[in-house]
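Assemble the whole structure, with the sequences as input and the hints as a guide.
These protein sequence lines map, in sequence, to chains A and C. Okay, so the first sequence: first residue is 1 according to my numbering, each after it adds one. Okay, so the second sequence: first residue is 440 according to my numbering, each after it adds one.
There's no promise every hint is true.
Unchecked claim - Below, computed lysine-lysine pairings styled on BS3-like, alpha-carbon distance capped at 25 Å:
{"#": "1", "chain 1": "C", "residue 1": "Lys509", "chain 2": "A", "residue 2": "Lys392"}
{"#": "2", "chain 1": "C", "residue 1": "Lys751", "chain 2": "A", "residue 2": "Lys361"}
{"#": "3", "chain 1": "C", "residue 1": "Lys749", "chain 2": "A", "residue 2": "Lys399"}
{"#": "4", "chain 1": "A", "residue 1": "Lys106", "chain 2": "A", "residue 2": "Lys57"}
{"#": "5", "chain 1": "A", "residue 1": "Lys427", "chain 2": "C", "residue 2": "Lys509"}
If you're looking for bench data, these hints aren't it; they were derived computationally from the structure.
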Amino acid sequence: MSLFNNKQSHGVHPPGNKITANKKIERAPLPKKVILPLSQHIGAPSKAIVKKGDEVKVGQKIAEAGGFVSAPIHSTVSGKVSKIIEMISSVTSNVGNAIVIDADGKDDWVKLNKPSKIDKLSKKEILDQIKDAGIVGLGGATFPTHVKLQPPPDKKIDTIIINGCECEPYITSDHRLMLEYGEGILKGLEIMMNVLSCNKAYIGIESNKPDAIENMKKIVSESNNSNEIIVESLPAQYPMGAEKTLLKKILGLEVPIGGLPMDVGVVVQNVGTLKAIYDAIYEGIPLIERVVTVSGAVKEPKNVISRFGTPASEIIDYCGGSASNADVMIFGGPMMGIAQTSFETPTTKGTNSILIKKNTKEIENNCIRCGTCVENCPMNLMPLMYVAYVKKSMYDDLKDYWIDNCVECGSCAYGCPANIPLVQYIKVGKAELKKRGDN
Amino acid sequence: MAEETVDQKRLVVSTSPHMHDKKNTEKIMYIVCLALLLPIIGGVYFFGIYTILVVLVSVITAIITEFLAKRLRKREFMMDGSTIVTGILFALVLPPRIPLWAVIIGAAFCIAIVKEAFGGLGYNIFNPALAGRAFITVSFASLMTSWIAPVTSIMSLDSITSATPLGEGFSYAGSTSDMYIELLFGNVGGCIGETSALLILLGGLLLIGTGVIKWRIPTIYIGTVFLLTWIIPGQDPVFHILAGGLFLGAFFMATDYVTCPMTAKGQYIFAFGAGLLVVLIRIYGSMPEGVAFSILLMNAFTPLIDRHIKPKPYGFIPPEKKSKFLLKKITKTADVTDNSDQSDTNKKEGKK
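This is the structure in structure tokens:
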């Protein structure tokens, strides 16, 4: 009802199932072998700078950024490069190269150059350090952070929004991060505000995490900070953590169709990314590990810090193994996560959760035009029209219904009484339009 | 990957989301059936046990027809409950002493022609129950205009001819408020399931409470009829909303997912149009009752409404504003002597 409240947007309320919310972050054992895909971010794949047989250390750069929108990759174990293989990406399903490293178990480090005087760093130095650390957005989209922090000069950033919503069911990695590493997050935010010359920031957290809200409020009030940082409690509604809905909820602004948050003077960043920025600047640690929530049908659901490239099976084994009838493994949450083909799939920078469950998909029935998808869509679209047009191969008509505006949050398919996999149809439609545009 | 072990567990891969709401078509339809029990009870109470037979025959005919139609169309037959809903609704809009052969013909028409011939569930343009009723009305006009007074006992098969409240020759002996109460409870002549506004309202509230339907269509529909009959001199708005099939139509027929618009705005238009048509037909038309035709006519408009009433997508900038936005950009670069714009331009160029 935008008439009465311009901050309201549609969404759904799936059961939270945050069973790991009270589990302290643990460190998973070091992997015996890591598989590091060269494309772990949005943008050009990185270029390998090691070859088979090379000895590498933890934190050593093994691949360089392959373009402006790209990020380097660092080794997450110390050991020997055993081979470079081709593999299917766990996110995009494209085939790309991956570096396989056999760990020697010594865990020898090389860190980044740690700047001595952090207050005196120039913006460029900070950006270079962030780029060298291979930091990408850890909310799931994995957009290279140094690019996001360099908006074109005509886009003045006046507000930063920190995304601590974690609206996906099951996942608690950001929640635990805010509880256990709140100071690091705030320091990361200060660096970011400095880089963007912006003195106003919001930290948006869903109200189902009162302890995180309280902790962040305490940390913000205790810091002697001249900037305006507001911790905002938001209603628990999926997809609150999608940057466009978050922006609307906090500021009442809408990002123009086809635009980015910076078009309305805002940068949205995930809390995990801030922690990574803090680690890179203050500790000289590149992005080699993250908090992963392991949940669902596993014996002991946990929040673990695990090195990238660890095969999922090793992390699952650490959590007591999966239930015998479980036949689905998802990287990410149940609403937007990607089902994986094998338990051996390695985690990447974007893997915030490993969810094990039993397949519960039901057969698709006829659309009864109930309008639930229209009612649920946070982008105010008519998702059922995409199904109708894709079924009839009328791809050009998809544009009349702004298909590009769809964020694929899955709210439509979640609520569909006829079990229609709307997101699948939408993905087919988008892919077909892209193909046509390319030709 | 080359190194995969042979005895690997096979995983199921599908698109997100991997979670689903508990709601499904079947559940929705059975909730509607449950809500429809109330008007059925009303029908039995006011018009005797025969009406139960009408409902049963209608439902069974509907299911058999659906089964045969699916066989003919080489589609899988599934009991999703929607056929039962159609069967019940069709029975509820028939006169209490309708012969069973007419029920069979009508119910078969509802499913075979109105629903399956158009492609089955979700593809029909018109509400099957109402289209079936219209078909019977046109084919057997005398059957559809013989009304009886409420019976004295449920087991009674009496059929004392009586006028419906909206029909010609209807008069109520008591006070107006007594008449309202009789209309509210349904102790008047009329179709099997339409007379008791109260029971229908309870059923409707159950549907709204369980989230099966939204408040919009019933409220706007009934509200429009009330307001219009209030404005038009010589009409009694309370009488108009309680008499006839308005409540049944508003809560159970106009809200039919398949044949009403999907967007909130579209539903407002649909409900207002239907309300307007009811008043026009009742007061200026040749028929005493207009609910069925008002909904059927608006059903015909639904595809048009859905085509043109789309929700404003997130971040949508209307074309005029966009061109103004562009114009502003152009004038900026053209260095028009506007001070603020000028400085902006300079800044930009300086940065370049």
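Here is what the structure says about each hint:
Note on C/Lys509 and A/Lys392: the hinted pairing holds, with a Cα-Cα distance of about 22 Å set against a maximum of 25 Å. Between C/Lys751 and A/Lys361 the alpha-carbon distance is near 32 Å, which puts this suggested pair outside the 25 Å criterion. Using a Cα cut-off of 25 Å, the hinted pair C/Lys749 and A/Lys399 holds, with the two alpha carbons roughly 13 Å apart. For the hint linking A/Lys106 to A/Lys57, the alpha-carbon distance of about 9 Å falls within 25 Å, and the restraint holds.
For the hint pairing A/Lys427 with C/Lys509, the CA-to-CA distance comes to about 31 Å; that exceeds 25 Å, so the pair is violated.
When the structure is compared with the earlier hints, violations turn up for hints 2, 5 and for no others.
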